[in-house]
Structure formats: structure tokens, C-alpha cells
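Chains as they are written, first to last, in the numbering used here: chain B, -19 to 97; chain X, 209 to 321.
Treat the hints with care, since some could be wrong.
[Said to hold, decoys possible] Computed beta-carbon distance windows for the label pairs:
| # | chain 1 | residue 1 | chain 2 | residue 2 | range |
| --- | --- | --- | --- | --- | --- |
| 1 | B | Glu(-2) | X | Pro321 | 23 to 29 Å |
| 2 | B | Ser53 | X | Pro216 | 37 to 43 Å |
| 3 | B | Pro(-12) | X | Thr235 | 33 to 39 Å |
| 4 | B | Arg60 | X | Ala286 | 49 to 55 Å |
It should be emphasised that the hints constitute simulated quantities derived from the structure, not laboratory data.
Quantities reported herein were computed from a predicted structural model and do not represent experimental measurements.
Ideal placement from N, C-alpha and C gives every residue a C-beta, glycine not left out.
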Amino acid sequence: EPEVTQTPSHQVTQMGQEVILRCVPISNHLYFYWYRQILGQKVEFLVSFYNNEISEKSEIFDDQFSVERPDGSNFTLKIRSTKLEDSAMYFCASSVNRGLAVDREQFFGPGTRLTVL
Amino acid sequence: ELKVEQNPLFLSMQEGKNYTIYCNYSTTSDRLYWYRQDPGKSLESLFVLLSNGAVKQEGRLMASLDTKARLSTLHITAAVHDLSATYFCAVPRYRTSGSRLTFGEGTQLTVNP
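The shape of chain B in the complex, shown without the other chains (with noise of 0.2 Å):
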């Protein structure tokens, strides 16, 4: 069965640099999204994505964050310089939206856990 994927599973970083997440969503999905969740908490929206240009935004994806789809798989957020405060779990998700309801189900990877330091 067709999952999504990410990677590393694990990252650790120091305040200030710079870490790309990666995630490889299911290969016929159009729509890709990423959600944070910061330890013991409800997990939040951050970005959505769609025809090679973000959707929509929250709130949390201030200036620090970006998404790009480099290639014809990969989806990839970044963060340019770590703040303590995005330690968290961050999951990506994809959906195909299109044609029957059921279609909007977004389907979500494994996360990568982000510890900053």
C-alpha cells in the first residue's frame, strides 16, 4: 500500500542552523501539507501546498519557514535558523482532493522528531 515517507525519523540541531526536512508524499497526490507537534500537544497546521505554490499558510509559518518541491517526489520544509521553540514532531501529509469526497483524505507520514539544542 502507497505511504508517505520521511525523512531523517530523528533530527538534532543547534539554535541557529539550519535543517531541511524531507518527505516524499504518495506519487499521485496533488495536494502536500505540514503539521508540527510540539511533545504532549495537539497537532497544528502549518502550510499547504499545491501546483507548485503554497495554498495557504498558519499563523506559526512565519519567515523562518519554507517548502519547495525540488524535484517530481520530494517535499521538503525548511527552517533557516532553529528556535528552541521548534522542537517538535513535524508530519507530512498528502492528498489527492479530487473527484469523490473520500479523496480529500489526507494520508500522513511517519513525522521527524526536531530537537534543537
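Chain X: place on chain B using the hints.
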């Protein structure tokens, strides 16, 4: 702004007992999702509820959606230890260019022998 509230946030129950988790949301939506999350793991899709009155069952879990009341329930029947996890409901807000999910705070369920 869409708000999604779950209750209870923590639930400790005995094996074999029944209980219901509630999910209320603040703006109109015709669909809702339930996810399960084990500690340190990703979100596992449990139910996709697509219309008012939708009811779905999988094993000991049953979910329902009342769009008029803006309420979804996740009912647990005869709980077993394997159901221990955190359960999230999520409500989508759709645009033509995609959608975003707003999650509830989660209900941490512990089933004790």
C-alpha cells in the same frame, strides 16, 4: 476561526467497560476525521465521516457525526488494553487549492486490566 474541542482530555477506564469521547467544533463542516496516535508515532486514520448522520464501526470503536449539532462521538465498547492511545478528531476547512485540518486537543485513553 474554527475551534475543535474534545472531552475528556484524559480517560482511564477498566477493561470491558464502555465510554464515549466527544468532539465539538465551532463552524459548519460536513465531514470529520478521527485519528489514533500511539506514543512517539504518527497519526493512524480511524474513521472518515462524510455526512450528517454518518456512523462507522471498526471493531470496538464506533464513530458518528451530527453536523447540525457540530458534534462527533467516538464510542468504545468493551475496552481492551490495546486501545490505549491518544485519539484526535480533526475538522477540515476546504479551499479549491487544498484543505487544512484543525485538530482537537486529543483524548489520552488508558485501559487498565
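Quick check: which numbered hints come out false for this structure?
Result: hint 1 breaks, nothing else.
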